[in-house]
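Could you build all of it, start to finish, from the sequences and the hints given here?
For the sequence shown, numbering that gives the first Met the number 0 begins at 0 and goes up steadily by one.
Rather than coming from a laboratory, the hints here were simulated on the basis of the structure. Don't be surprised by glycine CBs; every beta carbon is placed ideally from N, CA and C. Treat the hints loosely; a few may be bogus.
Cβ pair distances, simulated, as ranges [as the list claims (entries may be wrong)]:
id : residue 1 : residue 2 : range
1  : R143      : A75       : 45 to 55 Å
2  : V155      : G81       : 24 to 34 Å
3  : L231      : G73       : 18 to 28 Å
4  : A84       : R204      : 23 to 33 Å
5  : T145      : P72       : 39 to 49 Å
6  : G113      : G186      : 19 to 29 Å
7  : T1        : L225      : 36 to 46 Å
8  : R36       : D213      : 37 to 47 Å
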Amino acid sequence: MTDIHHFAYGAFTPVLAYVMSCLGSMLGLRLTAQAHRSSGGTRLRWLAGAAVSIGGTGIWVMHFIAMLGFDVPGTAIRYDVGLTAASAVVAVVVVAAGLLVVSSGRGTVLPLLGGGLLTGLGVAAMHYMGMYAMNLSGRVHYDRATVALSVAIAVVAATVALWFTLRIKRPVWITVAALIMGVAVSGMHYTGMFAMTVDLDPRPRFVPGAEALDFLVPLMTLVSVLTLTMFLMVILSPSEQEEREDAELLALLESRRRA
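This is how it looks when you write it as structure tokens:
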């Protein structure tokens, strides 16, 4: 059995991964709050933005950054670009599906549990798809009990996250919820990672794929642009109080017009 280093760069990668998970979760919760105050196509657009924020930044980017600190001495580590990109799509799609299920259920228990189960299993699938995309000169094995624990954490974390999207509206509580979600997502990732063991090949072989750093520049550029765009959308959108005041003003003007 070969030694595995999960923190090759010390605390840098887990801390940065946690911060990105919190930022993605926080923005996603703000976007879902906007969605609950909207209807029709506008509501769907807000939910789509929330799915990209939570699934893309809060989950997938967290996974990618954490993997930068993963190292197996004695072998190069490369990633299949197609599978890695597909895992990002899976993360966004399953979060979007969970948000739609929960929002259509109007906060009732069964849609919440169903959406949490769907999203949690999808997040676990994204994680292990990303791990399957990893190539190295050896064979990877997983402890089934630890894998099952990581899946359970993913389901519970997803259910709690979806509950937050329904109940949390104030900025201070959104921040607290995002910090909790960051812990849950990071916990699921590292639990799944600790389920791994690696047996290296007796003779190192050529490892196909791209290095993790090859994704870094385009990934960070794309995430920065998307995050900034959605952040500006939230900032420029009227708050719940402003919408209520506008509605009261319109009602007052209408009543005076009829008088």
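Evaluated hints:
| no. | hint | verdict |
| --- | --- | --- |
| 1 | R143 x A75: 45 to 55 Å | violated (28 Å) |
| 2 | V155 x G81: 24 to 34 Å | holds (31 Å) |
| 3 | L231 x G73: 18 to 28 Å | violated (47 Å) |
| 4 | A84 x R204: 23 to 33 Å | holds (25 Å) |
| 5 | T145 x P72: 39 to 49 Å | violated (22 Å) |
| 6 | G113 x G186: 19 to 29 Å | holds (23 Å) |
| 7 | T1 x L225: 36 to 46 Å | holds (37 Å) |
| 8 | R36 x D213: 37 to 47 Å | holds (41 Å) |
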